[in-house]
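J.: My request is simple: use the sequences and hints to build the entire structure.
Chains as they are written, first to last, in numbering that gives the first Met the number 0: chain A, 0 to 163; chain B, 0 to 87; chain C, 0 to 124; chain D, 0 to 234.
Treat the hints with care, as some may be off.
[What the hints assert, rightly or not] Restraint-style ranges between C-beta atoms, simulated for each label pair:
(1) B:78 x D:5: 28 to 36 Å
(2) D:69 x A:17: 19 to 27 Å
(3) D:5 x A:47: 49 to 57 Å
Derived from the structure by calculation, the hints contain no laboratory data.
Being a predicted model, the structure only gives us computed values, none of them experimental.
Backbone N, C-alpha and C fix where the C-beta goes; we use that ideal spot for every residue, glycine too.
Chain by chain, the residues run as shown.
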Amino acid sequence: MKAKNLIVSFSVLMIAWLLLNWTLDPLIVAIGIGLSLLISVLFCSKCTVFEGIKLGPKAFAYTFVYILVFIRELIKANMDVTKRVLTPGLNIEPGIVKIKTNLKSKMARLILANSITLTPGTFTIHVEGEYFYIHWISTEAVDIEEATQKIANTFENILKELYE
Amino acid sequence: MNNLDWIIYLAIGIILIAMSLNLIRFFKGPSVVDKVVAFDVISLSGLVLIGTVAVLTNRVIYIDVAIVYGLLSFIGVIVVAKYLQKGL
Amino acid sequence: MDIFKLIGAIMLLGGSLSLLVAAIGMLKMPDVYNRVQVATKASTFGAIFSFLGLAIIKFEHWFTGENWLGRVIILIIFIYITNPVSSHVLMRAAYFMRFPLSKLTKTDVLRDDTNSNLLKEPKNE
Amino acid sequence: MLKNILIALVLIGFGVIFYDLFMVYEAKTELTDLAHYYAKNGANEIGGANLVTSIVVTYRGFDTLGEVTILFVAASIISFFLKLKEDEEEKVIGSKDTTELLVTASQVLVPLIFLFGVYVFMNGHLTPGGGFQGGSIIATGVALMIMANPNFKINTQIIHWIESISGVAFVFAGVLGVLLGGGFLDNTFKGLGVGEFGTLFSAGVIPIIYSFVGLKVGAEISNILNKYQKSQKSI
Chain A
0 MKAKNLIVSF
10 SVLMIAWLLL
20 NWTLDPLIVA
30 IGIGLSLLIS
40 VLFCSKCTVF
50 EGIKLGPKAF
60 AYTFVYILVF
70 IRELIKANMD
80 VTKRVLTPGL
90 NIEPGIVKIK
100 TNLKSKMARL
110 ILANSITLTP
120 GTFTIHVEGE
130 YFYIHWISTE
140 AVDIEEATQK
150 IANTFENILK
160 ELYE
Chain B
0 MNNLDWIIYL
10 AIGIILIAMS
20 LNLIRFFKGP
30 SVVDKVVAFD
40 VISLSGLVLI
50 GTVAVLTNRV
60 IYIDVAIVYG
70 LLSFIGVIVV
80 AKYLQKGL
Chain C
0 MDIFKLIGAI
10 MLLGGSLSLL
20 VAAIGMLKMP
30 DVYNRVQVAT
40 KASTFGAIFS
50 FLGLAIIKFE
60 HWFTGENWLG
70 RVIILIIFIY
80 ITNPVSSHVL
90 MRAAYFMRFP
100 LSKLTKTDVL
110 RDDTNSNLLK
120 EPKNE
Chain D
0 MLKNILIALV
10 LIGFGVIFYD
20 LFMVYEAKTE
30 LTDLAHYYAK
40 NGANEIGGAN
50 LVTSIVVTYR
60 GFDTLGEVTI
70 LFVAASIISF
80 FLKLKEDEEE
90 KVIGSKDTTE
100 LLVTASQVLV
110 PLIFLFGVYV
120 FMNGHLTPGG
130 GFQGGSIIAT
140 GVALMIMANP
150 NFKINTQIIH
160 WIESISGVAF
170 VFAGVLGVLL
180 GGGFLDNTFK
190 GLGVGEFGTL
200 FSAGVIPIIY
210 SFVGLKVGAE
220 ISNILNKYQK
230 SQKSI
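T.: Rendered as structure tokens:
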């Protein structure tokens, strides 16, 4: 598990270095390899962020699925916000509800919370164990099961394929 | 090439209007959190302005400036939130 | 190449309109929580969309010369990670400082759970 | 109502001030004699695309050495005056103190911030960055780590090692300039050349010197942050 952590962290840093420099000059690539190795050994020899990540063609494909779904939800969210803001009068019904998630991996939970924050009408306000507290601008369901079904299920199913 | 620049200038005008509307909330905001959120949105708009200026003047290095500015605004918001909660 | 400039400029315009929506939402919404909610969604979308537009305007530099695309991708990933997190931290601080919720609020599960000590309190010694 | 009018007046005042600034502003086009010399010969002599870097590191290298020393003295004095309590007890963190999301995000972001800081000070001669800026960015990453996790401990030993080694290496590079080049902190060693203009490996030893400056500044500011955090805990 530790080696996997190091490999993932190293490749993330290396990709960032190549994106910043945008060249394949061997000297720059060599400096990037050394630097990424140093930083990932310094920071990620004990870190638990990338634990439980799945590597392989299936996970790679699901990354694209996630990005597409996320973009669709982001655009939907902004149509929703624009409609709420530009129609006269306040047609909101805010409330704080609780949802339950089964995800264990830290990174998956961060991505889930960010996705909930950026999708229509919902906002992660507090995280406590397996429960997420959501501020919902138009409360449609108070029950845990129903709220989970409505808010988190699309992303959770995709993230389950990416992390275990 | 220059005939499409007016769209970019229009976008700059809209962003400036958005920034001044946020400034109203910044001065008026009943609570301190309102002010911090207004500041956050203003800095994000400023980020887009920096990017637009980078395109207009053809200088790619301004995008680096935008990255550093975004980092600073993120850290600033977190510092204020921590301070509000219990004192750093 | 002109078509790319047109697409990029229109995307930039859309992003700036989204930022304007965020500003109007800040003025219109009744309490802190709804303001943060609206402003975060609209401004994050506006910034990401505008930067994509700026990268597309510079399409001819993507593979030669100056590095526009790489830096813009880094910036977009950075905004995607940081902006929801900073708003989340701020809104949490507001909630635990007991800023009042708007009168329209229907339900507040978190308040009930906090009162019944379901949440872990830090131990004071 | 009065408050709203006041707000409007303040906004209009800002508008007037900035309008004046914007319209009256006129760029200076004439260069002074010294600036003329730098602009004319800087690129050829030093080989850096960012002329400011050439001036800071080479023409006014002593000045930079002094600035680094000032920062070092400031860090020492701060750690001297703060009352530190060296108890290593772990605070119990409730879920109200810090959020899990911020901890996760900081664990992802801090390595990226460090990488970006190194990028900034290695490209100091090409972009508007440099040693001091890169070091400050690295220290920002340390500040983020401290804020996300109250129990976070920095290994002070490593920081002191990095600081001393990079300080010594900076002076050593300057002395090498006396031996191989034309004087203290001269960047063009004989037989090494200045490299191709505008690439990462140009401008002689400027990237190397700036890397040392960046490491030293980052270590010093991280040290100050660390000391402040320790003195906070003891209250």
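J.: Does each hint fit the structure? Answer for all of them.
T.: Status of the hints after comparison with the structure:
Taken as a hint, the range 28 to 36 Å holds for the pair residue 78 of chain B and residue 5 of chain D, whose Cβ atoms sit roughly 29 Å apart. The hinted window of 19 to 27 Å between residue 69 of chain D and residue 17 of chain A is violated, with their beta carbons roughly 37 Å apart. Residue 5 of chain D and residue 47 of chain A have their C-beta atoms about 52 Å apart, which keeps the hinted 49 to 57 Å range intact.
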